[in-house]
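**Q** Listed below, chain by chain, are the residues.
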Amino acid sequence: MTILDDVRKSVIEGDLNATQDKVNQALADKISPESVLKEGLISAMSEVGRMFENGEFYVPEMLISARAMKGGLAILRPLLASANIKPIGKVIIGTVQGDLHDIGKNLVGMMLEGAGFEVIDLGVDVSPEKYVAAVLEHHPDLVCCSALLTTTMPRMKDIVQALRAASLREAVKVMIGGAPVTEQYAVETGADGFAPDAASAAQRARQLIQA
Amino acid sequence: MNKREVIYTVLNGQTPAYIPWSCGFTKEAKAKLEEHFKPLDLEEALQNHILKLGSDIGFFTDLGQEHVQDVFGVVWDRSIDKDIGNVSGCVLPEPTLGDYSFPDPLDQRFFADIPAKIERYGERFRVFQIGFSLYERAWTLRGMQNLLMDYYDHPDFVHGLLEAVADYNIAQIQEAMKYDIDAVYFGDDWGQQHGLQMGPRLWRQFIYPVLKRMYAVVHGAGKFVFIHSCGDVDELFDDLIGIGLNCFNPFQPEVMDVASLTERYRGRLTFHGGLSTQRTLPFGTVEDVRMETQRLLKMGAPGRYIFAPAHDVEGDVPLENMLAFIELLQNQPGFREQ
Numbered sequence: 001m002t003i004l005d006d007v008r009k010s011v012i013e014g015d016l017n018a019t020q021d022k023v024n025q026a027l028a029d030k031i032s033p034e035s036v037l038k039e040g041l042i043s044a045m046s047e048v049g050r051m052f053e054n055g056e057f058y059v060p061e062m063l064i065s066a067r068a069m070k071g072g073l074a075i076l077r078p079l080l081a082s083a084n085i086k087p088i089g090k091v092i093i094g095t096v097q098g099d100l101h102d103i104g105k106n107l108v109g110m111m112l113e114g115a116g117f118e119v120i121d122l123g124v125d126v127s128p129e130k131y132v133a134a135v136l137e138h139h140p141d142l143v144c145c146s147a148l149l150t151t152t153m154p155r156m157k158d159i160v161q162a163l164r165a166a167s168l169r170e171a172v173k174v175m176i177g178g179a180p181v182t183e184q185y186a187v188e189t190g191a192d193g194f195a196p197d198a199a200s201a202a203q204r205a206r207q208l209i210q211a
Numbered sequence: 001m002n003k004r005e006v007i008y009t010v011l012n013g014q015t016p017a018y019i020p021w022s023c024g025f026t027k028e029a030k031a032k033l034e035e036h037f038k039p040l041d042l043e044e045a046l047q048n049h050i051l052k053l054g055s056d057i058g059f060f061t062d063l064g065q066e067h068v069q070d071v072f073g074v075v076w077d078r079s080i081d082k083d084i085g086n087v088s089g090c091v092l093p094e095p096t097l098g099d100y101s102f103p104d105p106l107d108q109r110f111f112a113d114i115p116a117k118i119e120r121y122g123e124r125f126r127v128f129q130i131g132f133s134l135y136e137r138a139w140t141l142r143g144m145q146n147l148l149m150d151y152y153d154h155p156d157f158v159h160g161l162l163e164a165v166a167d168y169n170i171a172q173i174q175e176a177m178k179y180d181i182d183a184v185y186f187g188d189d190w191g192q193q194h195g196l197q198m199g200p201r202l203w204r205q206f207i208y209p210v211l212k213r214m215y216a217v218v219h220g221a222g223k224f225v226f227i228h229s230c231g232d233v234d235e236l237f238d239d240l241i242g243i244g245l246n247c248f249n250p251f252q253p254e255v256m257d258v259a260s261l262t263e264r265y266r267g268r269l270t271f272h273g274g275l276s277t278q279r280t281l282p283f284g285t286v287e288d289v290r291m292e293t294q295r296l297l298k299m300g301a302p303g304r305y306i307f308a309p310a311h312d313v314e315g316d317v318p319l320e321n322m323l324a325f326i327e328l329l330q331n332q333p334g335f336r337e338q
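Sequence order for the protein chains is C and G. Sequential numbering of the first sequence, starting at 1, is according to my numbering. Sequential numbering of the second sequence, starting at 1, is according to my numbering.
The shape of chain C in the complex, shown without the other chains:
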């Protein structure tokens, strides 16, 4: 096993301390921060996503793996910045206005971070106006909206319309998700995409920003 295999393994096992040790060891071995990120952390989180989709991993395993990944990323982040290595894209994410459910949104945020995105979390109960203000401030590639309730799903359409009214709709992709949300609903709201769970959200986000 190479040291990058060790990084991957420790993330998949959700071992925060081992991940940080292995990341430090990889850097000491003169492996570039970008390689540690891509071939270690991102590769591991992609495997975590695959295992989640296959029913081998559930939310607890995803949480501890994401925590380990974040621990590794914290070491790499200043090195990546000084080497001018950019994230693959910038995302703003939130749970829509009138909805306070956050675990699904948090999982999607973690998986997006684990896929190499910079993630700005706007929290819960986020109004269309706050989304627009965040797009103006952060210039993201992707806007993600989560809702658990049928009563709050219509706010997704309001967000798309608010972005359109602010002439920002063409500047970003919009992805929606949450228990009652469907692909068809994404089409109806004018969003660009839908993801049924956190693991596929990371894949879908990559596709959307490349489209």
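These are calculated hints, taken from the structure and not from any lab test. Errors might be hidden in some of the hints.
Not everything, but these chain G residues come out facing chain C in the computed CB check (under 10 Å) [unchecked claim]:
(1) Ile80
(2) Gln193
(3) Leu202
In silico lysine to aspartate or glutamate, EDC-like type, Cα no more than 20 Å apart, as pairs [unchecked claim]:
(4) Lys9/C to Asp153/G
(5) Lys130/C to Asp158/C
(6) Lys157/C to Asp316/G
(7) Lys38/G to Glu327/G
(8) Lys9/C to Asp29/C
(9) Lys70/C to Asp153/G
(10) Lys30/G to Glu43/G
(11) Lys223/G to Asp167/G
(12) Lys52/G to Asp312/G
(13) Lys30/G to Glu44/G
(14) Lys82/G to Asp102/C
(15) Lys117/G to Asp180/G
From the three backbone atoms N, C-alpha and C, an ideal C-beta is built for every residue, glycine too.
We have chain C; now place chain G onto it with these hints.
**A** This is chain G only, laid out in the frame that chain C set:
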């Protein structure tokens, strides 16, 4: 045959004269129905077959600014969700019970109205409810993400916390058994839209043994075990039946195949729920609601089925859609002839 006897018929696997029902509504949906049915009392208008006793979500102290505190010390933000709310803060920030002490399970507020309710609705099937009955109680105290990681980081703490919740519940169940009740109803959501939140392995390791202990107390007193668990949890049915589950709610058609599960478990498990609250009720037409209701009534005709929307009906459901299923239920020939 009164409503209580109809539910007994269903639970015992016999064919009822009609499909019984017990439908729940959120505050907003209830307000629409109350307006429609006034001056008739809503309970009278709905003719539910199950009488809910105890308190499913407990009792609360008003803290002002739309925040309330439950008897466990958990603060709930009700600024948006007016029925239950969302947990604010964390009662157990560290993975230890430390100085934390559980509230009094015999708090008389849980039992005070039981005699009056039984007096008024004695012909209904009496269910003592325990909401947030295990995993949910644990995560409301510890925080959901914390608890899910504690399964790996601090398993002994999780076991201890769950056993303490069970001790609290069992003391309350034993007190409830002093009244003439028929069943205990445990609410605890384990599912996601797809699959379990914690997966079957951790569920069997942490949740199952504690459920087994609680269900045994109920069966030991000769009562039925009902549960409510939202989401895609049908992979647990065999385990649950094995430890004495009698009736499962909410039976959500968006996450499980209600028709094939009814067939597969007929004779072993009664289902309560089934009408789509994520799609048909909020977004369907009156005709869609009628068709789905008729399909469910036909499916349940041989027995082991109690009709309900698969969640308390939310405020976005049109009044006509609520009335559509209520009318079909109450027009069942077997019910009208009672």
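**Q** Now tell me, hint by hint, if it's right for this structure.
**A** Tested hints:
1. Ile80: holds, 5 Å
2. Gln193: With a minimum Cβ separation of about 4 Å from chain C (threshold 10 Å), the hint on Gln193/G holds.
3. Leu202: For Leu202/G, the interface hint holds, since the closest Cβ of chain C sits about 6 Å away, which is under 10 Å.
4. Lys9/C to Asp153/G: holds, 18 Å
5. Lys130/C to Asp158/C: holds, 12 Å
6. Lys157/C to Asp316/G: Roughly 16 Å separates the two Cα atoms, so the pair holds.
7. Lys38/G to Glu327/G: holds, 16 Å
8. Lys9/C to Asp29/C: With Cα atoms ~18 Å apart, Lys9/C and Asp29/C stay inside 20 Å; holds.
9. Lys70/C to Asp153/G: holds, 17 Å
10. Lys30/G to Glu43/G: This hinted pair holds, its Cα atoms lying about 10 Å apart.
11. Lys223/G to Asp167/G: holds, 18 Å
12. Lys52/G to Asp312/G: holds, 14 Å
13. Lys30/G to Glu44/G: Measuring from Cα to Cα gives roughly 13 Å; hence the hint holds.
14. Lys82/G to Asp102/C: holds, 17 Å
15. Lys117/G to Asp180/G: holds, 11 Å
Every hint, counting from the list given before, is met by this structure.
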